[in-house]
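K.L.:
Read off the chains here:
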Amino acid sequence: METILAVLVGLLFAISVYLLLSGSLIRLILGVFVLGNATHLLIFVSGRLTRESPPLIESGLKVAEAGIANPLPQALILTAIVISFSLFAFLLVLSYRAYQSLDTIDTDDMRVAEPHAETLPMRGRDV
Amino acid sequence: MLAATLAPFVLGVCAPLVRRLLGDSVGWALAVLPAGLTIYFAQFLGPIAAGETLTFSTEWVPAAGIALAFYVDGLSLMFALLISFIGTFIVLYAGAYLKGHADLGRFLMFLLMFMGSMLGLVLSDNVVTLFVFWELTSITSFLLIGFNHDKARSRRAALQALVVTGGGGLALLAGLLLMAQAGGSMNLSTLLADGDVLREHPWYLAMLLLVLAGAFTKSAQVPFHFWLPNAMEAPTPVSAYLHSATMVKAGVYLLARMNPGLGGTEIWQVLLMVFGGATLIAGAILALRNTDLKLMLAQTTVASLGLLVFLIGIGTPLALQAAMAYLFAHSMFKGALFMVAGSVDHGTGTRELHRLSGLGRAMPFTAAAGALAALSMSGLPPFFGFIAKEWVYKGTLGGELPMILTAVAILGNALMFAVAFLVGFKPFFGKPGDTPHTPHEGTLGLWAGALTLAVLGLFFGLFSGFAESLFVGPAAIAVAGTPMLVDLYLWGGFKAPVVASIITVALGALFFWQGRRISDWLARVVDALWGPDKGYDQFMDGVVALARGVTGLLQTGLLRRYMLITFLVLAAAVVLPQLFDSIGVTLQAPPVDLLVWSVALLTLGGGLAVMIIRSRLIAIMSMGVMGLGVAFVFLIFGAPDLAFTQLMVETLSVVILALVIARLPVLGRDQRGPARVLRDGIVAVSIGAAMAALLLTITAAPLDIGLSAYFGERSYTEAFGRNIVNVILVDFRALDTLGEIAVVTIAGVAVLGLLAFRRSDPDASGQELIGQDISGRDPAALDPAVRDEAIRDRETTS
Amino acid sequence: MNSLILRTATPLLSGLMLLFSIYVLLRGHNEPGGGFIGGLIGASAFAIYAIAEGLAAARRAIVVPPITIAGTGLLLAALSGVASILFGDAFLTGQWWFPSFAPDMKYASTVVLFDVGVYLVVVGAIAGIAFALEERE
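Residue numbers (this note's numbering), protein chains in the order written: chain A, 10 to 136; chain B, 1277 to 2074; chain C, 270 to 406.
Check before you lean on any hint, since a few could be wrong.
The calculated EDC-like cross-link candidates involving lysine to aspartate or glutamate, where the alpha carbons are at most 20 Å apart (straight line), are [unchecked claim]:
| id | chain 1 | residue 1 | chain 2 | residue 2 |
| --- | --- | --- | --- | --- |
| 1 | B | K1375 | B | D1621 |
| 2 | A | K71 | B | E1989 |
| 3 | B | K1427 | B | D1379 |
| 4 | A | K71 | C | E300 |
| 5 | B | K1427 | B | D1568 |
| 6 | B | K1375 | B | D1300 |
| 7 | A | K71 | B | E1994 |
| 8 | B | K1707 | B | E1628 |
| 9 | B | K1670 | B | D1817 |
What follows is a list of derived Cβ distance ranges for each label pair [claimed, not checked]:
| id | chain 1 | residue 1 | chain 2 | residue 2 | range |
| --- | --- | --- | --- | --- | --- |
| 10 | B | P1941 | A | A122 | 19 to 25 Å |
| 11 | C | P334 | B | A1977 | 48 to 54 Å |
| 12 | C | I354 | B | I2022 | 21 to 27 Å |
| 13 | B | T1842 | C | E404 | 46 to 52 Å |
| 14 | B | P1941 | C | A278 | 56 to 62 Å |
| 15 | B | P1941 | A | K71 | 56 to 62 Å |
| 16 | A | A122 | B | L1485 | 40 to 46 Å |
| 17 | C | I274 | B | G2015 | 57 to 63 Å |
| 18 | A | H125 | C | I354 | 41 to 47 Å |
| 19 | C | I291 | B | G2015 | 20 to 26 Å |
Chain A stretches covered by chain B per the calculated footprint, using a threshold of three residues with CB under 8 Å from any CB of chain B [to be verified]:
| id | segment |
| --- | --- |
| 20 | 10-24 |
| 21 | 46-58 |
| 22 | 67-80 |
| 23 | 95-109 |
| 24 | 115-121 |
It is worth saying that the hints were derived from the structure and are not from the lab. Virtual Cβ for every residue (Gly too), placed ideally from N, Cα, C.
Modelling step: build the complete structure from the supplied sequences, incorporating the hints.
P.N.:
Now the structure itself:
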């Protein structure tokens, strides 16, 4: 079972990286989204897979039964999902604002911070 | 002892304030501290001469074995006394020399801090403390050399000294740590007490080379000798203090200190003798080539340091005695001569040898100091310099050492003899020369130190017993690490060393007589040669070129290039460790589970569609499908909380993505050409394969469920909750969650901020600037006037 | 959005979702649910309301600016942790109160307060983002 999901995770990572490298802002956004899902699955599967027994303590019992799903990765992923959503929203708005300001969605043309004409660093003897 | 080391730092910080309060008499006030330190250290003379050693220790970083440990033996005491005694006169001298200078207070601050660093360096018993003080001397020296920071030459010299000595310091740190590791102690005295452990250790060669790199750079040995003459850009008090008696001797001190631990091996001897000898000859020749008094003295200092390294390399008891005697003599005569050179400069306005003569009448005290110091430096009886030189020859002649050693020593000493007379006598005798100012004697502070040190050279020559029992003897014993008989005397009969001395004087007189001709000839030959000083510039240019090359390679300004590099490193970082661990992954055929297969295919299909589809809306829908598939995975494998959260997030993501993407241009087809598709595809597949392999390796290894079991046991009994995931979130790991909801809040605020910015102030000039294509333009485009014009242009055209 | 069905159904739907979100929040300690999920459902309720009824109506419905809700939630969560310091425990250690009239009640605790804080942060931040994006310039 892990094998199927491991291959799935690998393929999702490959898709997201391919999208991220595209140089188009929209594909980059989609790539970030895929990357988030791939990562969540990665953490989930590395905590092992347990079919259909959620990490709940049955009423009447005081401690968890053996054989329930691993709760720790679930807790980590739960917050990760919400945070990655917030950051995804931020990224969306940032991209939108960048497009508005720079009038392009090609990341190669977004060079305000690192313009082509670089100033040369000082040489030792000029100090 | 700690207080004695720290006091100069504390007083140093106050120096500018004292200057403001006391004006130009600040030198006299501040000199009280080094004078007091001299008395403080002098009280140890008796016990140390009797063969005791003293240790003082204060915990600093006990966990790392770092203590502020101090160790007083003959060697460190001699250095400490030289530092504080000469320092007293230097502070006086600096007060007089820089009288009225606006930054005198700051200068004295650096000087006192240097004094504290140097004291800490020679007294340290802990390798880390030693290194810290070592670097502090480099830094304070940088500040002092660059004191005239409005002069480009000063800045270059300061930076050069810092680069050379600081680089050596890093090597030294590595060497010291290797020693501490090999010897099992951070304590220097412990390490050196059993030197065979170090000498027989497999790392010996590495330790030795690293420590030598530190010592040779600091003590200006060939090929690192070039920084010292350049450092003469510093005001003369600095040269007289740092570059004669103290800082440049730190490397010699280090070698002497390490001698019981690292010394005595063949490679030690060969390296020290070869580099020391080469430095002796090179420095002496370069001294004759120059005609600036300070530069001549600086070059003879290089030569003297070479001689000291050379003697430590020989390593016989007599050679070590010679090294300590010469070091003692040199500190006095060279300190005095530097101060004389500074006074001459101060009194006449020039340091050019050929313009100076007949100053004796106008500057009697300076002339007396110069003459006495020169006699000691030239090694004539009855000065202490003579004894030191005799012992040098005893060291080179003793045993079955090759005659070449004596020849090298004679040549070096003869050259220095000539320089001594050129610097100490020539300016003061003969017809008065033509100088920028009318020569006049300076104030007491300007000549008191020089005269005192020069007279001491005579005193210790006549009463060599004091030097022997209090300074040279204990120091030589400390360097050797074993007791020995030390007996210094002025006249021991007409023997081989005396013959060597006579040859030296004869040769030296010849050099002095032909001084100008030799100097001119050397100037023609030496200046044409490539030297390490030019090499330094080429090296620095090379470093900058390398930095530019690397920057050009990595900092392309292209986002996708940055990501490409990041992903490649990520793939390597994920894959490489897996190659070295021993977890075997066996791929078993996955079970035919229709549900899991279909969910996996659904997710993959969604993902692939996102990648391929050109329509924005269909891409977003495919994204939703993929998210749905992930939610199903969570649901199937017992994570209902995750499944619900994922569903909600998917829905909201699709909504906001649809809202934003509608305002962006159409997606269009992927613009990548076949080459980029291939390259990006390879990177993507590598990352994917790396991650899949990682996951397979993880699941093949045993899982430590300790933490999960802990939560399972305590979730209800201690936190009264049956949903373990939620209990982890809000109770067990609530601090994490608090941080995470803070991130969510900040993201919300940031989104509002980004959107509000535009609405409130659509014509803000900053916005317009971002809107322009400033790439490829001159930075002058950022000039406000130019920018405003550009904005006006835009407004009129739109 | 001019869909009659949506506009008719939305007030009811949103109200139900909001109610359901609080239910999910409170049951979360013992069954699937909790502040994060509840908050997402609550935020969706406002997002749908804004799409159907317009942004102005949605802003009126939520009364205070959404980001204020998020800030309040963050403050509440942080303060719920301070309570334990007053009782001598480490920051954010859960404190429980079992009143004598209802010894089996499991809701009187700082942990539930914390979860409510999480809920408010998620509702506020995400509704705020959604509103901001729906706003036409």
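K.L.:
Now look at each hint and say whether the structure bears it out.
P.N.:
Outcome of the hint check:
Note on K1375/B and D1621/B: the hinted pairing holds, with a Cα-Cα distance of about 14 Å set against a maximum of 20 Å. Of the pairs offered as hints, the one joining K71/A and E1989/B holds, with about 8 Å between alpha carbons and a cut-off of 20 Å not exceeded. Between K1427/B and D1379/B the alpha-carbon distance is near 15 Å, which keeps this suggested pair within the 20 Å criterion. Between K71/A and E300/C the alpha-carbon distance is near 15 Å, which keeps this suggested pair within the 20 Å criterion.
With a C-alpha separation of about 19 Å, the suggested pair K1427/B and D1568/B falls inside the 20 Å cut-off, and the hint holds. As the CA atoms of K1375/B and D1300/B are separated by approximately 6 Å, the hinted pair is consistent with the 20 Å bound. Taken as a hint, the K71/A and E1994/B pair is honoured in the structure, with Cα atoms around 10 Å apart against an allowance of 20 Å. For the given pair, K1707/B sits about 16 Å from E1628/B by alpha-carbon distance, which is consistent with the 20 Å threshold.
This hinted pair does not check out: K1670/B and D1817/B have alpha carbons roughly 46 Å apart, beyond 20 Å. Range check, P1941/B to A122/A: Cβ separation about 22 Å, and the 19 to 25 Å hint holds. The supplied range of 48 to 54 Å is met by P334/C and A1977/B, whose beta-carbon atoms lie about 50 Å from each other. One distance hint, 21 to 27 Å for the beta-carbon pair I354/C and I2022/B, holds here, with the actual separation near 25 Å.
In this structure the hint that T1842/B and E404/C lie 46 to 52 Å apart at CB is violated, the actual value being about 35 Å. For the hinted restraint 56 to 62 Å between P1941/B and A278/C, the CB-CB distance of approximately 34 Å leaves it violated. At about 60 Å, the CB distance of P1941/B to K71/A agrees with the hint of 56 to 62 Å. Between A122/A and L1485/B the Cβ separation comes to about 44 Å, which falls inside the hinted range of 40 to 46 Å.
Separated by about 43 Å at the C-beta atoms, I274/C and G2015/B break the suggested range of 57 to 63 Å. The supplied range of 41 to 47 Å is broken by H125/A and I354/C, whose beta-carbon atoms lie about 55 Å from each other. Our hint of 20 to 26 Å for I291/C and G2015/B holds, since their Cβ atoms are close to 25 Å apart. For the segment 10-24 of chain A, the stated coverage by chain B is satisfied: 15 residues place a CB nearer than 8 Å to a CB of that chain, which reaches the threshold of 3.
Counting residues of the segment 46-58 of chain A whose beta carbon lies closer than 8 Å to any beta carbon of chain B gives 11, which meets the minimum of three for the stated coverage. Beta-carbon proximity to chain B at under 8 Å applies to 10 residues in the segment 67-80 of chain A; the threshold of 3 is reached and the given coverage holds. Remark: the segment 95-109 of chain A is confirmed as covered by chain B, as 13 of its residues place a Cβ nearer than 8 Å to a Cβ of that chain, reaching the required three. A count of 7 residues in the segment 115-121 of chain A with a Cβ less than 8 Å from any Cβ of chain B is obtained; the coverage claim is therefore met, three being the minimum.
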